[in-house]
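Chains as they are written, first to last, in full-length UniProt numbering: chain A, 1 to 291; chain B, 1 to 217.
In short, the hints are calculated from the structure, not lab data. Glycine is no exception: its CB is placed at the ideal position from the N, C-alpha and C atoms. Keep in mind that the hints are not guaranteed to be accurate.
Claimed, not checked - Below, in silico cross-link-like pairs of lysine-lysine (DSSO-like), each with a Cα-Cα straight-line distance of 27 Å or less:
(1) 88/B with 43/A
(2) 225/A with 88/B
(3) 165/A with 178/A
(4) 192/A with 225/A
(5) 43/A with 192/A
(6) 178/A with 192/A
Stated by the list, open to error - Chain A residues, not near chain B, derived (Cβ > 10 Å throughout):
(7) 29
(8) 61
(9) 169
(10) 184
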Amino acid sequence: MSTSVLFDAPGPRTRARHRAYSVVAIVAVAALVVALVLFLNAKGELSYSLWEPFLTPDFVRVLLVDGLLKTLEMAFSSVVLAVVFGALFGVGKLSDHAWVRWPCLLVVEFFRAVPVLLLMIFIFFFWGITHGDSGRYWTVVAALTLYNGAVLAEVFRAGVLALPKGQSEAAYAIGLRKTQVMTSVLLPQAVKIMLPAIISQCVVALKDTSLGMYVVAPGLTRVGKQIYTQFNNQLQTAIVLAALYVIVNLLLTLVATWLQRRLVGEQKPLDVGMTALVNTGENTGGAAGGI
Amino acid sequence: MNEVFSNFDLVLRAFWLTVQIAALSGVVSLVLGTVLVAMRIGPIGVLRQFATTYVTLVRNTPLLVVFIFIFIAAPNVGWFVHTPFLLKGVIAVSLYTSTFVCEALRSGINAVPVGQAEAARAIGMTFSQNLAHVVLPQAFRASVPPLGSTMIAMTKNTSVAAVFGLMEATGRMRFFTNRHADDAVGILIVFAVGYIVIVELISLASYGLERRWRAAR
């Protein structure tokens, strides 16, 4: 619903009132920005020496190669593994056999309800701690795989259920087996609906790689910590880290939106709630995603 | 395992802190999110732009980086130096969650069919009557499931506070696991059950509200 339906086209007096509000708002926002800049300047936070590491080629390389690239690698491997995990358990949840369906349901609900950080700490002390740096790396990947895999399992299930019933009925009618119906009729169509949701899940995975800081895993947050410990430029480092994450996430969101428009069309993005109960099967337009 | 059960008061106190952070952040982020959504659908272009920028930036920043801003960067420029950790945690979680609350509410408003608002206009309701009697009551109902999801995600996100020294459930779990690594599985289960109970309570509440408020269409 566009907001314009809420009121008639404003008349001259309302327009004047809105103009007045706008001026006040502009002044308020501008005052806020100016005050912030003046404050930071007074504190010396804008001085070149604090920003210098981010303009020095060596540090930029460390930030991009040891930081950003490692983070992207972690996010990417965990999403690839999560897709496999999600496909297995998502299809498992749709199984006709109760002894397949229930364990899958339990596993998925468990990993969806538990914080990623809790899983990460468990995997770290259970396995990662004795395997050095690669142990820390794979700790993060494993924790993210379990969480995002559980979410994607739900996405897979919702994607398959979102298909018109006639598809599977027609497939059964021409004599395909259950597995054939799933693999050659339902999944190929469902993937189209799911792809944007999977890309959106990449944003979640990417953001959650930052949690690796708690187990001193490689990636942007570790490099960031090294930089701000050395130069005592906490604020500047935080700004640069946030900017890097925001840029990559916005690019991913662009891809997701483009895929959505290209593959799915006007239909709303696939969205699953956080637990079985909240998942009403109604699409909320992707509002719950990304957190 | 004995270690955990003989120190069970520590576990309970840790979960109490988790609940405190979650409850406080829930209230603050609902208020902030409502203000943001009001700016975003309102007629003032500057505020719309401001709210959109805020939501886009904060939504795409990891919560951990938001925590770095509040817990490490801000004290370095003289802010929040003597603020209690609990309060700083609530600020960080709320700043982050409010953007998702804003999106959930906006999706609720978008879910109201255009015909509803048009019909209200047609029988002569003003803007505020239209909002108060027709659009918002339906929008609120439609946003219950996404809001419930957001609140659940927020509760799980309070665990990030552990990284910055708050001894809430996840911090306590690390404390125990660090000391008794051979009991890692048992400790995980104890703490996971705690989180699952909280999460399922929130989803029950959300489910109940949704059923109770479901609009007859």
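Structure-based check of each hint:
1. For the hint pairing residue 88/B with residue 43/A, the CA-to-CA distance comes to about 21 Å; that is within 27 Å, so the pair holds.
2. At roughly 20 Å between alpha-carbon atoms, residue 225/A and residue 88/B fall within 27 Å of each other, so this suggested pair holds.
3. Distance hint between residue 165/A and residue 178/A is fulfilled; the C-alpha atoms sit about 14 Å from each other, no more than 27 Å.
4. Taking the CA atoms of residue 192/A and residue 225/A, the gap is about 40 Å. The hint is violated against a cut of 27 Å.
5. Distance check on the hinted pair: residue 43/A and residue 192/A sit about 52 Å apart at the alpha-carbon level, beyond 27 Å; violated.
6. Restraint check: the Cα-Cα separation between residue 178/A and residue 192/A comes to about 21 Å, which is no more than 27 Å; the hinted pair holds.
7. At roughly 6 Å, the least C-beta separation between residue 29/A and chain B is not larger than 10 Å, which violates its mark as non-interface.
8. For residue 61/A, the requirement that its beta carbon stay farther than 10 Å from each beta carbon of chain B is met, with the minimum near 21 Å.
9. For residue 169/A, the non-interface assignment is confirmed: its Cβ lies about 28 Å from the closest Cβ of chain B, beyond the 10 Å cut-off.
10. Separation of residue 184/A from chain B is adequate, the least Cβ-Cβ distance of about 33 Å exceeding the 10 Å criterion.
Of the numbered hints given earlier, the model fails hints 4, 5, 7; all others are met.
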